Every structure is written in structure tokens, then in C-alpha cells.
Amino acid sequence: MVRVKSRYLLCEVNVSDRTRLLLLDDRAVAETVKATVARIHGDYGAAMCSIRFSVKYLNTHTGIVFLRFPKRCYKLLWSALPFITCIETRGQKIPCFLNCLHVGGTIRTCQKFLIRYNTQQLHRMLPKCKNEEEKQQVRKAILNCILPGGNKQDEDILESDDEEE
Amino acid sequence: MKSDNKKDEPAVFKRVVSKNASPYNYMKVSLVLEDESTRLTAIELKQFIITGLKSLYGEVGAALSFDLLKYDEDTLTAFLRVSSRGLVKLWSSLTLLGFYQNQACAFRVLQVSPFLLALTGNSRDLQLD
Amino acid sequence: MSAEPQRTLRSLLVSERSSFLDDKNRLSAQVQQHHLNYKVSVLLPECSSAPSHLEAALNSFSTFYLIRKLPLYELLDKHFLETAVYQGSVYGLSYRSRIDQENCVCLTPNGRLSLSLDKDSYELLGFEGKPSCLTVYVSVSLLVSVDLTDSCMAPGGRGYQRLLKGLTSRLRLQVDFLLSHPGGGALQSLLSRYDWSEHSPEVSVRSLSHLSCPALLTSDLQSCDPHSLLEWLGAVDADVSCENSSSSFLSTLVCPEPSRTASQSLSVTVCGLLLPKDVLRLVQELRCYLEQSLQVSWVALTVHGFTDSPVSWGDSEHGVVTGGENFYTLLLFQDQTYQLHLRNSQRPCGGLDPRVETVTSLMSFLMLRFKRLFSS
Numbered sequence: 001m002v003r004v005k006s007r008y009l010l011c012e013v014n015v016s017d018r019t020r021l022l023l024l025d026d027r028a029v030a031e032t033v034k035a036t037v038a039r040i041h042g043d044y045g046a047a048m049c050s051i052r053f054s055v056k057y058l059n060t061h062t063g064i065v066f067l068r069f070p071k072r073c074y075k076l077l078w079s080a081l082p083f084i085t086c087i088e089t090r091g092q093k094i095p096c097f098l099n100c101l102h103v104g105g106t107i108r109t110c111q112k113f114l115i116r117y118n119t120q121q122l123h124r125m126l127p128k129c130k131n132e133e134e135k136q137q138v139r140k141a142i143l144n145c146i147l148p149g150g151n152k153q154d155e156d157i158l159e160s161d162d163e164e165e
Numbered sequence: 001m002k003s004d005n006k007k008d009e010p011a012v013f014k015r016v017v018s019k020n021a022s023p024y025n026y027m028k029v030s031l032v033l034e035d036e037s038t039r040l041t042a043i044e045l046k047q048f049i050i051t052g053l054k055s056l057y058g059e060v061g062a063a064l065s066f067d068l069l070k071y072d073e074d075t076l077t078a079f080l081r082v083s084s085r086g087l088v089k090l091w092s093s094l095t096l097l098g099f100y101q102n103q104a105c106a107f108r109v110l111q112v113s114p115f116l117l118a119l120t121g122n123s124r125d126l127q128l129d
Numbered sequence: 001m002s003a004e005p006q007r008t009l010r011s012l013l014v015s016e017r018s019s020f021l022d023d024k025n026r027l028s029a030q031v032q033q034h035h036l037n038y039k040v041s042v043l044l045p046e047c048s049s050a051p052s053h054l055e056a057a058l059n060s061f062s063t064f065y066l067i068r069k070l071p072l073y074e075l076l077d078k079h080f081l082e083t084a085v086y087q088g089s090v091y092g093l094s095y096r097s098r099i100d101q102e103n104c105v106c107l108t109p110n111g112r113l114s115l116s117l118d119k120d121s122y123e124l125l126g127f128e129g130k131p132s133c134l135t136v137y138v139s140v141s142l143l144v145s146v147d148l149t150d151s152c153m154a155p156g157g158r159g160y161q162r163l164l165k166g167l168t169s170r171l172r173l174q175v176d177f178l179l180s181h182p183g184g185g186a187l188q189s190l191l192s193r194y195d196w197s198e199h200s201p202e203v204s205v206r207s208l209s210h211l212s213c214p215a216l217l218t219s220d221l222q223s224c225d226p227h228s229l230l231e232w233l234g235a236v237d238a239d240v241s242c243e244n245s246s247s248s249f250l251s252t253l254v255c256p257e258p259s260r261t262a263s264q265s266l267s268v269t270v271c272g273l274l275l276p277k278d279v280l281r282l283v284q285e286l287r288c289y290l291e292q293s294l295q296v297s298w299v300a301l302t303v304h305g306f307t308d309s310p311v312s313w314g315d316s317e318h319g320v321v322t323g324g325e326n327f328y329t330l331l332l333f334q335d336q337t338y339q340l341h342l343r344n345s346q347r348p349c350g351g352l353d354p355r356v357e358t359v360t361s362l363m364s365f366l367m368l369r370f371k372r373l374f375s376s
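Chains as they are written, first to last, in the numbering used here: chain A, 1 to 165; chain B, 1 to 129; chain C, 1 to 376.
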């Protein structure tokens with residue numbers, strides 16, 4: 001069996017004002033990526049971007065995006081991502097930049113990476129808590145969020161991550 | 001004297017084969033315009049080619065460095081030099097350049113070679129009549 | 001396949017260093033191997049006018065004939081075979097037929113008649129050939145190579161009859177033919193039947209003042225990179241200015257470093273159907289010239305082959321449309337050593353042409369255009 005191969009780019013959207021992340025939607029991100037690729041790589045890049053490119057997942061709370069590119073040309077399209085400076089959505093311009101965290105062959109590997117990454121972040125941030133009470137709060141929040149089904153796990157950790165800040 | 005020469009002989013002969021090592025490719029192109037009285041300067045031509053690169057390959061394509069070695073304003077024929085890796089980009093954007101200032105135009109690629117010398121000795125230029 | 005279109009043309013450059021004093025130097029054999037020469041250009045740095053013996057050599061290239069609408073079977077004429085082909089002194093090539101579009105013919109002094117034919121003509125001729133390396137680009141192209149000195153190709157032989165029949169009844173090929181002078185009255189009867197004209201090679205002299213040329217050029221191959229040296233020679237030949245800076249907009253071509261300025265240089269070109277023996281004579285004269293003039297350390301000689309000849313070196317094909325031009329450059333030095341840079345593509349077959357890639361990159365572009373068309 002042969003399957004059509006893709007590359008999934010796990011990116012985080014960095015903004016100065018985190019509340020504005022909630023304004024984002026899949027379509028806005030996809031349009032921005034397409035427009036930037038067309039600017040940087042011209043019609044050739046835009047054509048490459050017109051087949052099998054999609055925004056697979058967007059978490060507006062944490063600003064995590066999965067982008068799917070065809071495997072053949074993902075490097076070319078990837079090279080245009082640093083040139084994104086703002087995303088336009090609902091008539092507003094959100095100044096931001098994309099930071100690519102991981103490149104994977106399947107969504108599963110990307111998810112695994114994301115869980116590991118977020119755990120790491122949590123471990124890094126926990127010692128920064130000012131007092132014992134704050135720590136307890138964070139722990140409690142995490143325990144509250146975790147559901148028995150493993151699937152939502154990553155999101156939940158992310159959310160707790162959010163709260164901490 | 002003779003023996004001296006003989007001693008030198010093995011050191012003198014040397015053979016080096018370089019494969020696909022040429023750093024540049026050269027193109028001989030001519031521009032055909034709908035209105036034949038239109039004249040372009042060398043700078044306009046290079047700018048025109050750059051706009052073609054920009055529309056097909058974007059800002060990255062427009063940054064491709066190529067040289068306009070020689071340009072004949074009467075026949076609109078030019079020698080271009082481009083790094084070997086950029087040849088396909090340049091060639092394809094030349095192919096797709098269809099309009100110059102709202103008039104139809106086309107680039108004819110007359111000859112392409114990894115050696116500039118080859119462009120100067122094209123036997124198809126031989127005129128015997 | 002990568003997304004970045006960046007395939008390059010195949011190129012092969014053979015650089016050799018040897019000495020005329022070396023008994024085993026193969027220069028004359030190599031020059032003889034390159035049968036059909038179109039252009040010879042000589043660059044004499046630090047020279048305001050060529051000495052008389054050199055000028056004489058440049059002006060005494062053999063004349064050649066252009067015969068119009070020559071039916072090919074005339075080349076199988078018994079008298080012609082006996083007086084010209086068997087003597088091994090005749091060079092011929094079809095004139096103004098483009099090898100990637102039309103049928104081409106050439107006749108080399110080793111008695112070989114080579115025909116580059118399209119599929120229809122090949123089937124009409126009915127003579128065995130092999131696929132030519134042009135096939136990748138032209139729909140189908142075949143190379144038929146016939147050794148006229150072979151015993152079965154002698155007049156009356158079986159092969160001879162078959163080829164003659166093919167050329168007279170089935171495939172009546174008529175070409176404008178360039179033919180060298182084989183000496184004697186060999187061509188008289190042939191010429192009397194057709195429209196012909198005699199041409200002498202065209203000599204043009206250009207004097208170049210304040211030419212910057214590479215200093216420290218020695219016979220050592222490492223003294224100057226062959227590619228940049230050939231690029232510079234090409235720039236001189238094409239009259240391209242090398243006086244550029246790295247920041248100039250139009251061109252950044254410069255002479256290989258270190259360079260010095262030669263106040264007065266001479267570039268001489270000869271065009272036509274040129275014979276290897278004349279080229280060899282010119283090489284001898286250039287050696288004499290170098291011995292006599294002390295301030296000149298080197299001279300360069302470049303010989304171009306015909307683009308549309310079915311064969312280039314010896315009996316091998318050259319891939320005309322894939323940058324398979326054939327030329328060689330000879331650099332002669334004061335100490336009787338020489339550098340020879342051969343440009344040949346004896347195996348141009350296979351590999352993907354940049355054009356193919358150009359087409360693929362254009363296709364993705366067209367796809368986009370169609371999408372836009374339908375959405376609007």
C-alpha cells in the first residue's frame with residue numbers, strides 16, 4: 001500500500017496580547033499562510049500551497065496550530081512562515097509570529113511531542129511559583145482537568161499551562 | 001638535455017576531468033515584441049526579467065542573482081549568466097513573461113550552455129550567401 | 001524530486017596538461033579526431049599585429065564548396081568514392097539543416113557516412129541504425145552510420161546496393177552540402193552537375209586595447225580554475241566587458257584574479273568548414289611565434305565544432321540540445337607546454353533535462369491559473 005505523504009508542522013502563534021488569540025480561526029490562519037507563501041515564493045509557491053495544504057487543528061486558547069503540507073514541498077512552504085507578521089481576522093489585524101516547534105509525519109507523533117513539550121514547560125514553570133498556595137492551586141487545576149479519555153489530555157495540560165500565567 | 005626531459009615527462013602530463021562542475025550557465029535569449037519599434041535599454045530589460053521572476057517565484061525568486069553580460073539593443077538579443085542552480089527558475093520565468101507594458105511579447109531561448117565560449121561559436125550563424 | 005526547481009545542465013570538461021617535447025603527447029591525434037570544425041579563434045595577448053608567418057597561416061585555411069540540393073546518392077558515386085573517400089581526405093556536412101528538427105548528414109575522412117534521421121526517413125531508408133541520443137528531446141531520432149570503406153560497401157557489394165536503392169528510390173534526400181576540397185580533380189564531375197559555389201574561410205581580426213587578462217597563468221592546471229578561465233576567454237570572444245564591480249546592477253562578471261592589463265591584444269577568428277590539418281599547422285605557427293617573442297607568455301586557441309553535425313569527436317555523437325556543444329581550447333606556453341581543455345559530452349544520453357523540469361514547474365503554475373479561472 002502506498003499513501004500520500006504529508007508533513008505536519010506544529011507551530012505556536014506568539015502574540016503580545018493573549019486575549020486576542022481567541023479571535024483566530026482556521027480559515028484566517030490558512031489565508032494568511034497562503035498569502036505569505038504567494039508573496040515569498042510567487043505563483044509557483046502558491047500553486048504548491050493549493051494542493052493538500054490545510055490547517056488541521058487550532059487551539060485558540062494556547063495558540064497551537066497544526067499545518068499540513070505535502071511532503072514534497074514542505075521545506076519550501078515552511079521557509080515562508082517566518083515572514084508572517086500579522087493575521088487578519090474579522091476585520092482586525094493581530095500582530096503575531098509563528099514559531100515552529102516540531103515537524104512530524106503524522107498527527108499522532110505531533111500530538112505526542114506536544115504533550116511532552118507541555119509537560120516540560122510545566123516543570124520549568126512550577127518552580128517559579130511564589131508560594132505554596134499557588135502551587136497547590138495549579139496542581140488542583142490540573143487534576144480537575146484531566147479526563148479519563150487520553151485524547152483530550154494535551155489540551156488540558158495546555159489550559160492549565162495557561163492558567164498559570 | 002634529453003635525459004632531463006625524460007625525467008620531467010611523467011610530471012608534465014596531467015589529466016583532470018571535472019563533471020558537472022561548472023558554476024554558471026549561460027543563456028542566449030532574444031525578446032520578441034508585438035510592436036517591433038519598441039526599444040528597451042539594458043537596465044529596462046534586466047528589470048523586466050526580474051519582474052518575471054518575482055511574479056513566478058516571489059520575493060525569493062526576485063533575489064536570484066543573474067548577470068546581463070551583453071545586450072544588443074537593435075536585435076533585443078542578450079547573453080545572460082546565471083548560477084547553475086538558478087537556471088530552471090530563470091528559464092521558466094522567461095517562458096512565462098507574456099506582456100511588456102501591455103503589449104504581447106515572448107522570449108526566445110536561442111542557446112543554453114554551461115560554457116560562455118559555446119555561445120560565441122554557434123555554427124547556425126554561418127552565412128554563406 | 002525536490003520542490004525547488006534547480007536542475008543544472010550536464011557538463012563534462014576534460015583538462016589536460018602536457019608538453020610538445022613529450023613524445024607521447026596526443027595533441028595532434030586529438031585535433032585530428034575532431035573532424036568538423038566551424039570556428040577557430042586565436043587570442044594573442046600583448047600583440048599589436050600578428051607576424052607575417054602567423055598571418056599567412058591564418059589566411060591559408062583551405063577553401064570549401066557549398067553544393068546546393070545535392071542528392072545523397074551522389075556521395076556513393078563510384079568515381080567520387082575512389083578519388084575522394086578512399087583517399088581519406090574528404091570532409092562533408094549538410095548545411096543549414098538543424099539536427100533537432102531535420103535530417104542531417106556528415107562525411108568524415110575515415111570513410112564514414114553518418115546520417116541522423118527521423119523515424120519516417122529511417123524506415124524509408126531501410127538501413128540499420130541505432131537510436132540516437134537526441135531521442136529524448138525529438139520524438140524519435142536515429143543515427144545510421146555507414147563505413148564506406150568496408151568491403152560490403154564497395155560499389156556492387158550487397159550493402160552498397162541496398163543503400164543506393166534506398167537513397168535513389170525510397171528516400172530521396174537532398175541537402176545543401178558543405179564539402180572540403182579533396183585535392184586533384186576529384187570533384188569535377190560532381191560539381192558539373194549541380195549548382196555550387198566555392199568559399200574561403202572568413203577571417204576577422206579584432207584588436208583589443210587595455211584588456212585585463214589573468215596574470216600568473218602557467219601550464220599548471222591549478223594556476224587558474226579551468227571554468228573561470230574558459231569563461232574569461234568566452235567573454236573576450238563575445239566582446240563582453242569584464243570591467244564590473246561586485247555591486248553593479250547589470251553584470252558582475254570579472255576577470256579571474258590576479259589580473260593585469262595588456263595594453264594591446266589581438267583576437268583573430270576564422271569561420272567556415274575548417275580542416276584539422278590546417279588547425280595543426282596553425283598550432284605549429286603559434287609555437288614558432290611564442291619562441292620568437294619573449295614578452296608573451298601564452299596564447300590561446302579555441303576550436304568550435306559544428307552544432308548540427310551528427311558526430312563530433314571521432315564517431316561519437318554529441319547531445320546538441322543538452323549543452324553538448326563541442327569545442328576545445330588549447331593554451332600554449334613559452335616553455336613548450338600546453339593546456340588542453342576539451343568540452344565534449346560523449347555520453348549525453350539519459351538524465352533529466354532542465355527543460356523537463358521547467359515544464360513540471362510550469363504545470364503547477366498552470367494548475368493554479370485554472371483554479372483561478374474556474375473560481376471567478
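Please keep in mind that the hints were generated in silico from the structure rather than gathered at the bench. It should be emphasised that the depicted structure is a prediction, and the values quoted were computed from it without experimental measurement. We put the CB at the ideal spot given by N, CA and C, even for glycine. Possibly wrong hints are sitting among the right ones.
Stated by the list, open to error - Derived SDA-like pairs: lysine to any residue, alpha-carbon spacing no greater than 20 Å straight-line:
1) A:Lys34 - B:Ser55
2) A:Lys34 - C:Leu362
3) B:Lys54 - A:Ala35
4) A:Lys71 - A:Ile94
5) B:Lys14 - C:Ala29
6) A:Lys112 - A:Lys130
7) A:Lys75 - B:Ala63
8) A:Lys34 - A:Pro70
9) B:Lys14 - C:Thr218
10) B:Lys19 - C:Ser228
11) C:Lys24 - B:Arg15
12) B:Lys14 - C:Leu342
13) B:Lys14 - C:Pro226
14) A:Lys34 - C:Lys277
15) B:Lys46 - C:Ser247
16) B:Lys14 - C:Leu362
Unchecked claim - To give an idea of the interface, some chain B residues facing chain A are shown, with a C-beta separation under 8 Å as derived from the structure:
17) Phe48
18) Ile50
19) Lys54
20) Ser55
21) Glu59
22) Val60
23) Gly61
24) Ala63
Tell me the numbers of any earlier hints that the structure contravenes, in ascending order. 4, 6, 14, 16, 17, 18 and 24
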